[in-house]
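Participant: Here's the letter readout for the chains.
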Amino acid sequence: GQQVMQIPQYQHVQEGEDFTTYCNSSTTLSNIQWYKQRPGGHPVFLIQLVKSGEVKKQKRLTFQFGEAKKNSSLHITATQTTDVGTYFCAGRGGATNKLIFGTGTLLAVQP
Amino acid sequence: NAGVTQTPKFQVLKTGQSMTLQCAQDMNHEYMSWYRQDPGMGLRLIHYSVGAGITDQGEVPNGYNVSRSTTEDFPLRLLSAAPSQTSVYFCASRFGQGEAFFGQGTRLTVV
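First to last, the protein sequences are chains A and B.
Under this note's numbering, the first residue of the first sequence is numbered 0, with each subsequent residue one higher.
Under this note's numbering, the first residue of the second sequence is numbered 13, with each subsequent residue one higher.
Chain B with its partners taken away, still in its complex shape (with noise of 0.2 angstroms):
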């Protein structure tokens, strides 16, 4: 199995291109999340999904888009990107309320 699955692994952005950070798991898994990672901030939620056709917001879902047309996979788009949202990028599955398992991350530069 391999678990998640994202890409790319590195990204570099002029401000106001968009993109999308791709996400796939084979587990499964109902509960898709994405995560944020910036220094002192820790992980923060982005945007999430408990299964096929439906998403909600996290903690900071501005300037960010998702859907989930299949269980496998969870893209994340970026509208028009700002120096703001550099970061590095994680994208996370779980079954029920037990553990997530995350992807290899993915880190977005924008300039």
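So that you can see chain A by itself, here it is in the shape it has in the complex (with noise of 0.2 angstroms):
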């Protein structure tokens, strides 16, 4: 079946530092989604891709779609205390209506 990986599973950084997450699938996605959680919280929607090679911004957050979409990358440039969660990808393989999440990448930002 599908399967979402997404490296790495945790990520220390200083503050003002840069952070990226990759995300990986078996299969060719339809779309891909990023999510974030904070600490005791539920997974919060960040922004869905859908073409190949897709690039969006938001403020300091990067996400790319791969040429293959199969992969998938979130950039956070400048990282602050508020960026810290858990992040995920989420992506529908072909017809399927499943929405499989990646394993999550756990983000600590140190002042």
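None of these hints come from the bench; they were simulated from the model.
Quick caveat: nothing in here was measured; it's all calculated off a predicted structure.
Check each hint, because a few of them may be wrong.
Unchecked claim - Quick list of simulated restraints, FRET-style, between CB atoms: (1) B:T121 x A:S29: 33 to 39 angstroms; (2) B:T32 x A:K58: 39 to 45 angstroms; (3) B:Q69 x A:A107: 33 to 39 angstroms.
To be verified - In silico DSSO-like pairs for lysine-lysine, Cα to Cα no more than 30 angstroms straight-line: (4) A:K50 x B:K21; (5) A:K55 x A:K69; (6) A:K97 x B:K21; (7) A:K69 x A:K50; (8) A:K35 x A:K56; (9) A:K69 x A:K35.
Glycine included, each C-beta is placed from N, C-alpha and C at the ideal position.
Using the hints, put the two standalone chains together into the complex.
Facilitator: Structure (structure tokens):
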């Protein structure tokens, strides 16, 4: 079945440093979504990418969808303490209605 | 609008007991899903539904049952609780292939 892996599993950075998490799917995805989960909270939608090679930006966050639609990345420039949390990618493969989540990357930011 | 409402927030069960986790949404979303979250495993799909009367299995369906008699409600039943089912459970709903909205989660401990 469809599997979605993320690396790294955990990242600790100093405030102001950049951060990147990578998402890789075993199958081609029709779209990719990114979510953020604050400690003790629930996942909250950040963005959706649909087109091959698509790049979207939200302030300090940059999202990319790979050309083959099997991988994606989230890059945060100049991290802040408010960026702390777990970042998940999620995707649907082909005609399935299942939204499969990645394993997540926990980001810790030291002031 | 309340969004996605899950009850209870916390639950402790003894091995072998059964219980139902409730999930309700007031956004008229056709898609509803149940996920479990375990450390290092991300969010794994248990069961999902594409509309009233239609359900299907996700990645980890064993030990769980679901039904969808109305658009609003999607309860998750644990038939005979086991310690391996200790987890945080999230219900989510979405419209079409758009963003998923999550409930606050249920933290379940099976002793």
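Participant: Given the hint that K97 of chain A pairs with K21 of chain B, test it: the Cα-Cα distance must not exceed 30 angstroms.
Facilitator: Status holds; Cα separation ~25 angstroms.
Participant: Does 39 to 45 angstroms hold as the CB distance between T32 of chain B and K58 of chain A, or does it fail?
Facilitator: Because 41 angstroms falls inside the window, the suggested range holds.
Participant: Starting from K69 of chain A, check that the Cα of K35 of chain A is at most 30 angstroms away, please.
Facilitator: 20 angstroms, holds
Participant: Cβ-Cβ distance between T121 of chain B and S29 of chain A: within 33 to 39 angstroms?
Facilitator: Since the Cβ atoms of T121 of chain B and S29 of chain A sit about 37 angstroms apart, the hinted range of 33 to 39 angstroms holds.
Participant: Evaluate the given range 33 to 39 angstroms for the C-beta pair formed by Q69 of chain B and A107 of chain A.
Facilitator: 35 angstroms, holds
Participant: Is K35 of chain A within 30 angstroms of K56 of chain A, Cα to Cα?
Facilitator: 15 angstroms, holds
Participant: Starting from K50 of chain A, check that the Cα of K21 of chain B is at most 30 angstroms away, please.
Facilitator: 38 angstroms, violated
Participant: For the pair supplied as a hint, K55 of chain A and K69 of chain A, is the alpha-carbon distance within the 30 angstroms limit?
Facilitator: Since the Cα atoms of K55 of chain A and K69 of chain A sit roughly 17 angstroms apart, the hinted pair holds (cutoff 30 angstroms).
Participant: Could you grab the alpha-carbon distance between K69 of chain A and K50 of chain A and see if it respects the 30 angstroms cut-off?
Facilitator: Holds, at about 11 angstroms.
Violated hint: 4 only; the structure is consistent with all others.
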